[in-house]
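Engineer: What follows is the residue order along each chain.
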Amino acid sequence: MKTELSGSHAGGSIQGNPGVDAVNDIVMAGNKSKGGRPYFLEDPAVERVLNIAMAIATEVAVAHERMDTLERLLESKGLLSRKDIETYVPDEAAAEERQGWHARFTARILRIVQQEAEALAHPENNTPMRTIADEINEM
Amino acid sequence: MPYQLPPVWTELKQHAVFPEFSHDERARYNFLANLNRFVSTVIAPGNQLAYTSRVEPAFAKEHGRSFNDRFEVGEAMKKDPVYQMWAALRRSTMEMRQQNGRSVVLRQANQLAQKVAHELEGTQILQLKENFQVPPYLTHVDNHLMPGSYHTEYFPGDVSNAANYDSGLFVTSGGMLGSLTDGGGRAIAAWVKETYPDFHPKQILDIGCGLGHNTLPIALAFPDAQVIGIDAGAPMLRYGAARAHALGINNVTFIQADAARMQEFANEQFDWVQTTMFLHETGGKSIHTIFAEINRVLKKGGLNLHIEQPQYTPEMSMYEQFMRDWDAYYNAEPYWGHMHDLQPAALMEEAGVPKDKFMQVGVKAINDLDKKKQDGKVTEDYGRSPIWNVFGGWKA
Ligand SMILES: C[S@@+](CC[C@H](N)C(=O)[O-])C[C@H]1O[C@@H](n2cnc3c(N)ncnc32)[C@H](O)[C@@H]1O
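So the protein lines, in turn, are chains A and B. Position 122 of the first sequence, counting from 1, maps to 149 under the numbering used here, and the rest follow consecutively. Position 328 of the second sequence, counting from 1, maps to 717 under the numbering used here, and the rest follow consecutively.
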């Protein structure tokens with residue numbers, strides 16, 4: 028029986044191996060596993076969005092943890108006190124900017140809901156694009 | 390009782406061949422461990438409520454009887470929104486764990502392979518075979534949604550999938566298996582030592598050892614024994630041998646072999662044959678060939694033990710069987726259900742253990758990260774809890 032023993036052979040020849048360059052980590056990380064994917068929610072479209080939302084939730088948590096690390100490091104170096112953060116009260120200008128940030132952020136996240144409401148408010152603006160195309164063709 | 394937080398990922402022991410994690414990669418795992426903990430302790434219990442309060446009653450009303458089997462339970466539960474959401478979330482956490490783990494190891498695949506090769510230089514603790522035939526049931530599915538499963542190497546010497554398995558099991562188990570993910574091996578080693586103080590095995594075989602998480606505690610507990618771990622996956626063995634060496638354990642050899650055809654071992658070579666979380670990842674025919682092989686390589690009077698999840702017995706409720714079966718279909722462990730339908734005592738007879746030498750006990754992970762936080766209590770997370778059923782016996 029031919030055996031590949033440990034030692035110098037154990038890793039195969041790695042340096043300059045074309046196989047290593049074939050590793051596309053960005054795409055391969057998300058490769059699908061074998062077998063049909065089950066969907067549990069009645070509408071697979073909803074489950075698709077749920078999965079995207081959970082991935083974004085992960086990234087929010089990651090950003091939060093990074094900020095927390097930053098604060099603790101800055102504090103340990105005497106550059107900032109986290110108590111100052113907790114008791115921080117913005118002045119008028121800062122408050123305005125910060126509330127504006129929240130408002131824009133919210134609006135970006137809920138864009139589609141806002142636009143569905145606008146559609147109801149302005150039924151005249153809901154002509155299908157095919158119809159509009161035909162209309163414009165006559166203009 | 391206050392909410393039980395999982396340990397942070399940095400408590401995992403970073404041995405010499407462990408993949409490197411950036412700050413954000415660690416944070417991602419901290420979040421996912423928490424997400425799993427929340428889904429299994431807060432959301433999952435809703436399934437039982439939905440089952441007893443509406444799913445079961447509605448079925449009884451419609452059919453004039455209760456469920457006959459777990460598959461009927463599954464069909465009925467599928468329509469319940471609480472179950473739907475829990476299942477969708479659970480699936481999602483599994484897929485995210487894979488993607489996040491793979492992105493860590495694949496970006497450093499080359500360095501990992503080199504670290505492993507360096508660690509193994511001059512050692513004789515790894516034996517891989519050219520043209521090894523991976524059992525067909527392993528190539529047929531990507532176990533627990535792990536693309537490429539245990540055997541795939543993306544280039545010669547690759548260990549990516551093993552490194553992903555090693556560094557990510559923490560997430561799925563919510564940190565309940567300890568800093569070296571070896572809670573099962575520690576538990577079985579301690580149990581054997583305590584229960585059989587006069588048992589001094591010289592030759593121990595761990596079948597389906599993977600990367601040796603649960604092999605090493607046995608080797609540590611029996612330093613005078615020669616331990617052999619066999620597995621089908623070259624990346625697992627390569628990484629496992631390097632990991633064992635890095636951890637300073639030198640009485641284990643990692644050999645690539647198929648448990649159903651262990652030609653390299655003599656008849657009655659071993660005093661103890663162990664499998665851990667292995668049988669449910671074999672196949673319906675192979676499992677019997679494997680037990681016949683165990684019978685052949687185990688000494689008369691030798692010990693044979695298997696760590697598994699509890700078998701489905703008539704005493705187990707249909708609901709619990711259904712919940713335990715979830716991973717079979719939705720976490721890609723398709724032999725899980727059929728395996729847990731088997732009679733362990735009958736299997737053991739195939740390994741030469743007569744009914745009167747058969748034994749079955751429950752063991753709980755020995756978790757060095759527990760720090761009394763769990764207070765010995767774990768929420769039942771069917772099929773995922775670090776509480777196992779051990780069955781086996783002494784060969785006549
Ligand atoms: C769930 S893992 C368990 C690993 C290890 N025992 C542990 O406790 O961490 C199952 C392992 O069994 C291996 N395996 C499955 N069938 C096998 C066979 N016929 N021969 C050798 N190994 C096998 C797989 O490659 C995989 O590494």
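No wet-lab data here; the hints were simulated from the structure. Take the hints with a grain of salt, since some may be wrong.
Unchecked claim - Chain B regions said to be covered by chain A (calculated; three or more residues, Cβ under 8 Å): (1) 489–498; (2) 534–540; (3) 609–621.
Treat the numbers as computed from the prediction; the structure is a model and nothing was measured. The beta-carbon is built from N, C-alpha and C at its ideal position, and this holds for glycine as well.
Engineer: Taking the hints in turn, state whether each one holds.
Structural biologist: Now for the hints, and whether the structure bears them out:
1. With a cut-off of 8 Å between beta carbons, the stretch 489–498 of chain B has 6 residues touching chain A; three or more are needed, and the interface restraint holds.
2. Residues of the stretch 534–540 of chain B lying with their CB closer than 8 Å to a CB of chain A number 4, which satisfies the three-residue condition for coverage.
3. Counting residues of the stretch 609–621 of chain B whose beta carbon lies closer than 8 Å to any beta carbon of chain A gives 0, which falls short of the minimum of three for the stated coverage.
Of the numbered hints given earlier, the model fails hint 3 alone.
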